[in-house]
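> Following the hints, complete the assembly by docking chain R onto the known chain H.
Protein sequences appear in the order of chains H and R.
As numbered in the working numbering, residues 3 to 617 make up the first sequence, in order.
As numbered in the working numbering, residues 3 to 617 make up the second sequence, in order.
Just so you know, these hints were derived from the structure itself, not from any lab.
We put the CB at the ideal spot given by N, CA and C, even for glycine.
Please note: incorrect hints may appear among the correct ones.
[What the hints assert, rightly or not] Subject to a maximum C-alpha distance of 27 Å in a straight line, what follows is the list of computed DSS-like cross-link-like pairs (lysine-lysine):
hint : chain 1 : residue 1 : chain 2 : residue 2
1    : H       : K591      : R       : K566
2    : R       : K54       : H       : K591
3    : R       : K591      : H       : K589
4    : R       : K602      : H       : K495
5    : R       : K495      : H       : K591
6    : R       : K495      : H       : K495
7    : R       : K495      : H       : K589
8    : H       : K602      : R       : K589
9    : R       : K591      : H       : K602
10   : R       : K225      : H       : K495
11   : R       : K237      : R       : K225
12   : H       : K586      : R       : K602
13   : R       : K586      : R       : K566
14   : H       : K591      : H       : K495
15   : R       : K54       : R       : K163
16   : H       : K602      : R       : K495
[What the hints assert, rightly or not] A few chain H residues facing chain R, derived, Cβ under 7 Å:
hint : residue
17   : L483
18   : P488
19   : R489
20   : S492
21   : V496
22   : T533
23   : Y593
24   : V596
25   : G599
26   : D601
There are 2 protein chains.
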Amino acid sequence: MTNNQSRGYNGSLLRVDLSNSEISIESIDELFRREYLGGAGFISYFLWKELKQGTNPLGPENKLIFATGPVTGMSLAGSGRNCIGAKSPLTGGIAKSEPGGYWGAELKRAGYDVVIIEGKAEKPVYLSIQDGKATINDASHLWGKNTKDAQQAIRDEFGDKLIQVAGIGPAGENLVRYACIMNGLFSAAGRGGLGAVMGSKNLKAIAVRGHKRPKVASSERVKEIRQWALANIPKWLAAAGSIAFTGGSEASGNLPIRNFRDGSFPTVNLLSPEAISKTIKIGADTCFACPVHCKQVFKFEEPYRVDPAYGGSEYETAAMVGPNCGIDNLKAIAKAGELCNAYGLDTISTGATISFAMECFENGLLDLEDTGGIDLRFGNAEAMLKVVELIAKHEGIGDLLAEGTARVAKKIGKDAEDFAMNVKGQEMPAHDARLKPGQGLGYMINPHGADHCCNMYDTAFVNEEQLKNWKPLGITQPLSLEDIGPRKVSVLKVVQSKTIVQDALVLCSYIPYSFQQLTEITEAVTGWETTVTEQLKIAERILTTMRLFNIRDGFTSNDDRLPKRFFQPKTAGPLGDRVCDPVKMEKAKSYYYVLMGWDKNGVPLPEKMEELGID
Amino acid sequence: MTNNQSRGYNGSLLRVDLSNSEISIESIDELFRREYLGGAGFISYFLWKELKQGTNPLGPENKLIFATGPVTGMSLAGSGRNCIGAKSPLTGGIAKSEPGGYWGAELKRAGYDVVIIEGKAEKPVYLSIQDGKATINDASHLWGKNTKDAQQAIRDEFGDKLIQVAGIGPAGENLVRYACIMNGLFSAAGRGGLGAVMGSKNLKAIAVRGHKRPKVASSERVKEIRQWALANIPKWLAAAGSIAFTGGSEASGNLPIRNFRDGSFPTVNLLSPEAISKTIKIGADTCFACPVHCKQVFKFEEPYRVDPAYGGSEYETAAMVGPNCGIDNLKAIAKAGELCNAYGLDTISTGATISFAMECFENGLLDLEDTGGIDLRFGNAEAMLKVVELIAKHEGIGDLLAEGTARVAKKIGKDAEDFAMNVKGQEMPAHDARLKPGQGLGYMINPHGADHCCNMYDTAFVNEEQLKNWKPLGITQPLSLEDIGPRKVSVLKVVQSKTIVQDALVLCSYIPYSFQQLTEITEAVTGWETTVTEQLKIAERILTTMRLFNIRDGFTSNDDRLPKRFFQPKTAGPLGDRVCDPVKMEKAKSYYYVLMGWDKNGVPLPEKMEELGID
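Isolated chain H, as found in the complex (with noise of 0.2 Å):
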């Protein structure tokens, strides 16, 4: 056994072509697996190399990739999570979402590392694997399905409640643009429309199951780390979830108000956790090993039912379809919310499109001939609800809003572009740039358009003590948060390159492990030695992979682009005439581009695909 063989995780890749029924089983060479890890990296490789310029993100020739990585399904807190990812329908790019839950575990207990789907089914069917054996199964029966009764069913016709479901609801079936991919019921790879894709292949679900218990180089070593993580949990986050987040995030200026116009929300405190424990929460959920329980549960019965099987809302999702549209009627928001994870719907996009209508609305771009008669001003909840319905189902302004800001913006015409909060079509979530440029920057350069879980770092410049983190990655001077000079473009550099180690990995972000804590966790797993210097460049690898499918289907450093709104001051608030400064951002962007070894367009060097190994 050389150093280059994994002594831990050994699954194959199981690739299924939906359009003849064929399918194969291949093995995963132990080089590729050291030079992508997993995951994101597996995805962006596969993506990169297998699919042609042009193709259409809704045709049977994009293809649908699930990876786990070599954390995946790890005795370790944060190892619940795999990667999706596939040509996005949202943004014409790379898509990739990692969702939390059990489906990851469960499918390498079943023997898989990878599952690549291919082509289009004639008609609805759903993938079920079982310890190593797949069959293509009719799905008729469950197509029009929510997630929730889509499971059941499966469940039920096999008899074994523990089979995890990945799958789709009506809004997937529909081809909605930001329809995602549903773990379970309150576990989604939100971002990119990845939904969209598995409708289009006419592909309800992956049901999994297996007993093979995925193995590890150093059960010790790993048994160590999850000690750690054990006593480095983030309280915060334990007790309340990322709701808790809401109202912090309005003193400070980063929620979204009223389609990122407004600085100020006075109601906020009716989304505090207080607010939220006395009235609609039952409980708290949590993903495979981990011991956070971060993901939170509500349930209700009037002013209408909220189903607890669905779980509760995050941060962004209250933030989007509550104070984002004017909202703030928790209940209502948690409807929204329940109805996302029913309909398989991205509460993210879902939330920025209905705000983003809204402001047309309130403005004269649409009207209620197009709504349908929906009075779909800011703040109100129930037109909020009815819309999210009619998204999911591509019907009355659904059908038009189904398309994602970017495209309606482009329909409705120039006024309505102003209006349209999204990055190379992917709506933004819920932090301002105005307040965080280097979140801002994070937005711009990344390949999946504009995601706070790439770029999650800025807030930690804003005191001594948080600073304190950042020393080890070489950042000793305290950096303000409207700094987006040269020191903060390589701290950012370094933080998207963890971010991006964690996604192959596949590793929770949530969980408080430090870079060189990443490279002890891939060895305990793996076996090989590892170190920083070689995560860095794996992150290069990845980055740079992303980077080339996107400009092989025409994307430039024109994409690399914030909308209009951050460089225009909010109505009020905290942060005043605070705005992204426009030449500032474009010189980071350009020293970013430096960082990556790609020339002033954004493009990556020959020497720099040729250092990395990407043909």
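Chain R alone, transformed into the frame defined by chain H:
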């Protein structure tokens, strides 16, 4: 106490202006320590900040800096070194060199981390530093003495044989442009002519003695690392010293033979470890706290006496005054090594300059009149020994050759320039770029000219076993020795970074600590939490500062080039027709600039300087 405060080393900076005998003590800022570490880092900073453009290296405006690092003097293998730097009279750019021995550890015990020598004494002096107290003392009686006699005289004056002396011999006094500074009698700050700078200041020596034990943050962790090192010292080095490398170097085509002209040296076995053991070796010595004992000790009386106090030759010495001068006479080689240590001459530049003169002589560019009757042909051992002495004394042909190959070639004319084996005016060490173009690139871009210490890595790619060590740096597939593509360049950057961090810590490169272990050593000693990511940034900071120093004094990308001979085949030997490819070498250089964040002319981008915090 914040994370930024070192709980370890904490000496002061001693500034001595010899022009007016002013001595002052400055504290060293903790943040500065963290950003530049020490040693080569401190030297790069002070020379960049305090020297003016156009400073005469041999004028009073030059500054000679002795800097320890956080590791110097700790109870750890490899901690015997300190760093010395100044503007080089040989290259006109930055010079720095790391001698071993005991002096650095003693300086720390005397309470200082750094000594900066400014100005010029009216008459010869030496500096004494004893337990914090510094005095400038008359050295008229020491001037002209060899290093051993000078050291003995100082020890006798104080009646303390444990006084450690860093000093120059006649070569430094006589401003030979490649005079060295000796720590004791067998550890040299060889490269760059630092001894001439010391001589130009009329400073014969710095004698130190102290009793303060430097603090460490965690003596427990230091102990663990010490034990690891003890179990992992390089056995071949401990057995026979680096001179044992000579035979293998000839066999691979690496050994310089007759001024890098020839490829075969059939009598190399006369220099084998067996031959050495049988004839001249009487033991082995070592540096502070080091279990390796790589320093050979030679002694013999016939045909000339070699004093064992001066130790024995290392590989570079033996190769440069031996085969590179066509000489296989082991005793003559050993004598040349002894003379260099006694006179204070860099053995590499001395051997290279003599071999250059020999080729000029054989080609009629120098004649018997020039040499004062010396038959300066390749292979003439007596002539070589005579010229070593003349160089040290700046007499006869030595008056010319004391200027180094670049200046002499310029005087003789174009034909001689083809024989001048140097980069940036500093003579080539004993590793051939035709065999190892990766090392050749290292020679090109090294801020202080041709130097093997900064780039000793290319042989690591020969086989799978050695490759193993590079995997954690991101190299997962073998790279051939011939390779000089982007992946090789990328590894060069990491290895160069690791090396400069070692030179800043200051730590001997012979102990096989990994980059990760360097961060562990840093933490153990200083108490800072650090990572490879931070140390990579520190390396960029130091290397970029050195680059800026050179650019300020007129260096351009054109100075980053190999001598012509490396693009021509050797006359015979294992390399056959193999040469460096000029196009590939230039491409590799350009890509190195990209990786450093320098522009296409090798000038650091303003953004890179801002990122690194360089003014």
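> Hints first: check each against the structure and report whether it holds.
Structure-based check of all given hints:
{"no.": "1", "hint": "H:K591 <-> R:K566", "result": "41 Å, violated"}
{"no.": "2", "hint": "R:K54 <-> H:K591", "result": "35 Å, violated"}
{"no.": "3", "hint": "R:K591 <-> H:K589", "result": "26 Å, holds"}
{"no.": "4", "hint": "R:K602 <-> H:K495", "result": "22 Å, holds"}
{"no.": "5", "hint": "R:K495 <-> H:K591", "result": "24 Å, holds"}
{"no.": "6", "hint": "R:K495 <-> H:K495", "result": "18 Å, holds"}
{"no.": "7", "hint": "R:K495 <-> H:K589", "result": "25 Å, holds"}
{"no.": "8", "hint": "H:K602 <-> R:K589", "result": "19 Å, holds"}
{"no.": "9", "hint": "R:K591 <-> H:K602", "result": "19 Å, holds"}
{"no.": "10", "hint": "R:K225 <-> H:K495", "result": "36 Å, violated"}
{"no.": "11", "hint": "R:K237 <-> R:K225", "result": "21 Å, holds"}
{"no.": "12", "hint": "H:K586 <-> R:K602", "result": "23 Å, holds"}
{"no.": "13", "hint": "R:K586 <-> R:K566", "result": "15 Å, holds"}
{"no.": "14", "hint": "H:K591 <-> H:K495", "result": "11 Å, holds"}
{"no.": "15", "hint": "R:K54 <-> R:K163", "result": "40 Å, violated"}
{"no.": "16", "hint": "H:K602 <-> R:K495", "result": "22 Å, holds"}
{"no.": "17", "hint": "L483", "result": "18 Å, violated"}
{"no.": "18", "hint": "P488", "result": "4 Å, holds"}
{"no.": "19", "hint": "R489", "result": "5 Å, holds"}
{"no.": "20", "hint": "S492", "result": "5 Å, holds"}
{"no.": "21", "hint": "V496", "result": "6 Å, holds"}
{"no.": "22", "hint": "T533", "result": "4 Å, holds"}
{"no.": "23", "hint": "Y593", "result": "5 Å, holds"}
{"no.": "24", "hint": "V596", "result": "6 Å, holds"}
{"no.": "25", "hint": "G599", "result": "6 Å, holds"}
{"no.": "26", "hint": "D601", "result": "10 Å, violated"}
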